[in-house]
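Enquirer: Sequence:
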Amino acid sequence: MNGDVLGAAFFCGALPGRTAGRLERPVLRNEGGWKMKVGVFGIGGIGGFVGGALARVHGETYFCARGENLEAIRRGGLRVDSVKLGRFTARPAALSDDAAALGVMDALIVACKGYDLEASCAAMSPMVGAQTLVIPLLNGVVVSEQMEPFLPPCLLADGTIRVFSHLEAPGAVVQTAGQCSVVVGMRDGSRPAALDAAAELLNRAGIETKVTDHIVRASWNKYVTMGSNSCVFCWYDGPAGKVLADPGHKKVIRAVIDEMTAVAAAQGVELPASLSDKLIDAFEKMPADTVTSLYRDLRAGKDPARTELDHIIGRMVQLGRETGVPVPYHEAAYEKWRK
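Quick note: the sequence shown uses UniProt numbering, first residue 1, plus one each step.
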């Protein structure tokens, strides 16, 4: 890390050459009274969208990025093309690949990949103080439990996000569908003032955000919704069309979901009884070529250790062993791809 920090005056503007179609949103500027120093660690598809939305309205937004992405943002700002927020370019208050150069934050949004979680916790630690609210927005279940051993004492929350966004090129994020919502909360059900303040700021940035007293249940709900699809694709080794061509696909999908809900129940988390039917119905409406990013990465030959195989399917295998709940479909999918 070179410790180089870019400080810049906040601005928003249109993406050059991409003004046709949707109307540009009006430029929004920082309003008095928003005192939170907010960091975003990991400026990929999720972190870039959230970070760009925040930097667009909040002058105290800081990015921790790296590599080509860092250099592109340094040169031309972070370009966002969003069906929800419009097209704009935003610059953070400061940008660096060195967390120590950015300093301690009031709130830190974490959007790294699951396979980088431990290393990322070490890298972000200089941004974390005793009163820093840390909100992980990444795949997995109750991610705070996995982060806690590797972070200094802080206000460690959990969060879920539903958004279709990706890094199109270094310094350029695209959101392709209109939905974008975040749910945040503390595992113990507490509600520190910083949590409500961060939620208000995200809402003002155009990201619908709710604070819940039941974030563990919300985290499990999303994990089952997302993780079951990844397990099914990996077990079948094919896209939705191959799955749906099997006359027994409903039995397999239901078994995968039931494994996950049984583990959740063993940990004291009761999920809706209707969840299996709801998810099976949604699966059967998928286009034939649908896959999850995890299966796509594995099928493309990526090193399993550099995918979220351990973080999504392997995590369920681990939890099954810890709780004594059999998870044979997850074990089979995991063993198939982890080598």
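Simulated from the structure, these hints should not be mistaken for laboratory data. As the structure is a computational prediction, the values presented were derived from the model and not from experiment. Any given hint might turn out to be false.
[Stated by the list, open to error] Okay, derived cross-link-like pairs now, DSS-like style, lysine-lysine, Cα gap no bigger than 25 Å in a straight line:
| # | residue 1 | residue 2 |
| --- | --- | --- |
| 1 | 250 | 222 |
| 2 | 242 | 210 |
| 3 | 278 | 210 |
[To be verified] Pairwise CB distance ranges, derived in the manner of DEER restraints:
| # | residue 1 | residue 2 | range |
| --- | --- | --- | --- |
| 4 | 131 | 274 | 38 to 44 Å |
| 5 | 67 | 322 | 31 to 37 Å |
| 6 | 277 | 68 | 21 to 27 Å |
| 7 | 339 | 267 | 24 to 30 Å |
| 8 | 188 | 273 | 23 to 29 Å |
| 9 | 322 | 252 | 41 to 47 Å |
| 10 | 322 | 166 | 20 to 26 Å |
| 11 | 277 | 130 | 34 to 40 Å |
| 12 | 306 | 213 | 24 to 30 Å |
| 13 | 248 | 274 | 20 to 26 Å |
| 14 | 281 | 193 | 38 to 44 Å |
| 15 | 293 | 193 | 21 to 27 Å |
| 16 | 270 | 200 | 17 to 23 Å |
In this text, a Cβ means the ideal position worked out from N, Cα and C, and glycines have one as well.
Enquirer: Just tell me: holds or violated, for the beta carbon distance of residue 322 and residue 166 against 20 to 26 Å?
Expert: violated (33 Å)
Enquirer: Hey, residue 250 versus residue 222, does the alpha-carbon distance stay inside 25 Å?
Expert: Holds - the C-alpha atoms of residue 222 and residue 250 are around 20 Å apart, at most 25 Å.
Enquirer: Please test the hint of 34 to 40 Å on the beta carbon pair from residue 277 and residue 130.
Expert: Violated, at about 45 Å.
Enquirer: Please test the hint of 23 to 29 Å on the beta carbon pair from residue 188 and residue 273.
Expert: holds (26 Å)
Enquirer: Does the Cβ-Cβ separation between residue 293 and residue 193 fall within 21 to 27 Å?
Expert: Cβ of residue 293 to Cβ of residue 193: about 35 Å, so the range 21 to 27 Å is violated.
Enquirer: Do the beta carbons of residue 322 and residue 252 sit within 41 to 47 Å of each other?
Expert: violated (24 Å)
Enquirer: Assess, step by step, whether the Cα of residue 242 is no farther than 25 Å from the Cα of residue 210, and give holds or violated.
Expert: Status violated; Cα separation ~37 Å.
Enquirer: Given the hint of 38 to 44 Å, check if residue 131 and residue 274 actually sit that far apart at their C-beta atoms.
Expert: Cβ of residue 131 to Cβ of residue 274: about 40 Å, so the range 38 to 44 Å holds.
Enquirer: Taking the Cβ atom of residue 67 and the Cβ atom of residue 322, is their distance within the range 31 to 37 Å?
Expert: The hinted range 31 to 37 Å holds for residue 67 and residue 322, with Cβ atoms some 36 Å apart.
Enquirer: Do residue 339 and residue 267 keep their Cβ atoms within the hinted range of 24 to 30 Å?
Expert: holds (29 Å)
Enquirer: Need the status of pair residue 278, residue 210: alpha-carbon distance at most 25 Å?
Expert: holds (23 Å)
Enquirer: Within 17 to 23 Å: is that where the Cβ-Cβ distance between residue 270 and residue 200 falls?
Expert: Roughly 30 Å apart at Cβ, these two residues miss the hinted range, so it is violated.
Against the hints set out earlier in the document, violations occur for numbers 2, 6, 9, 10, 11, 12, 15 and 16.
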